Amino acid sequence: MARKKRREELEVADIPISSMIDIIFLLIIFFVVTAALDKEVEDEVVKLSKAPHGQPVKKKNPRSLTINVRPDGSMNVGGVVMSTKKIEYTLRTVANKWYPGNPKNLPIIIRGDNRVKHGHIQKAMDAVTNTGLYRVKFMAVIEN
Amino acid sequence: MARRQKKKGSVVEAEIPMSSMIDVVFLLLIYFVVTQKPIIEDTLLGMNLPSDDKSATSTPPKDDTKLMIDVFNLGREDRVDSYHVNGGGPHKLKSLRENYFQDLDPETTIIINCGPNARHAKLIQLLDALAEANLTKLNLINDPNVKFAP
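From first to last, the protein sequence lines stand for chains G and U.
Each step along the first sequence adds one to the number in my numbering, with nothing skipped, and position 2 is 2.
Each step along the second sequence adds one to the number in my numbering, with nothing skipped, and position 136 is 136.
Don't read these hints as lab results, they were simulated from the structure.
Certain hints may be false.
Footprint (simulated), chain U over chain G, 3 or more residues, beta carbon under 8 Å [what the hints assert, rightly or not]:
| hint | segment |
| --- | --- |
| 1 | 46–57 |
| 2 | 81–95 |
| 3 | 111–123 |
Owing to the predicted nature of the structure, the values given are computational and were not obtained by experimental measurement.
Just so you know, even glycine gets a beta-carbon here, dropped at the ideal spot from N, CA and C.
With the sequences and hints as input, model every part of the structure.
The following block contains the structure:
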């Protein structure tokens with residue numbers, strides 16, 4: 001009788017959930033980290049102006065350089081605060097590295113805060129024109 | 001008899017521990033709800049940059065195929081972030097849309113002279129209104145006579 005009882009206890013089918021949860025968490029961490037890397041170039045402090053009639057950006061060119069201009073007028077590229085001279089140097093380096101045949105083809109995106117005075121944006125544009133680049137666009141948000 | 005009955009009555013129950021899985025699912029649900037951001041689409045507004053040519057000043061063009069728009073903030077009450085067409089009086093964006101942009105030929109060259117003390121948002125609003133009117137020949141110039149007061 002004792003033997004039979006033991007057999008009955010062992011017959012309960014169990015699915016190991018713990019290993020599955022391990023894998024799910026691993027995947028979540030992976031996606032969270034990679035998503036954060038993609039958004040690194042965008043400065044969260046910068047509040048963009050609204051342009052409801054602009055064409056939405058379907059796919060951003062990965063070989064483009066973004067200059068963020070904060071409300072206080074400070075400029076940064078990829079979160080690194082830079083002076084106008086440093087931006088010029090960065091633009092030259094990046095343009096020659098990404099477009100070795102025709103460095104002037106480097107697209108530049110200026111993300112200016114909606115409260116910043118245009119004079120600060122002019123400084124960023126001056127840095128661009130001083131390096132001989134011309135493909136500049138202003139970023140805005142499509143929101144009614 | 002007792003033996004047979006016991007054998008038939010013993011049912012093997014397959015149990016999946018649901019409580020812990022529900023815990024995890026709720027945790028994930030809360031995480032995604034909290035961290036979710038509204039999907040905001042970006043747009044890029046392009047124009048030609050100011051040239052190095054210092055002779056390119058902000059004098060209104062006499063040519064009909066060109067339109068000069070000034071965006072100014074000179075600190076005076078009557079000219080705070082206002083738009084001026086061909087050197088004329090101040091306009092609001094709505095008035096520019098209705099009186100100038102609606103019937104304008106898409107081939108018209110627009111010269112924008114944005115003052116350094118005007119807010120960047122004013123320029124973006126103007127570029128947006130021009131994009132609405134399908135005007136794409138845009139040139140941005142700097143007026144060297146206006147001093148920047150950061």
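Could you work out which earlier hints the structure fails to respect and list their numbers in ascending sequence?
2
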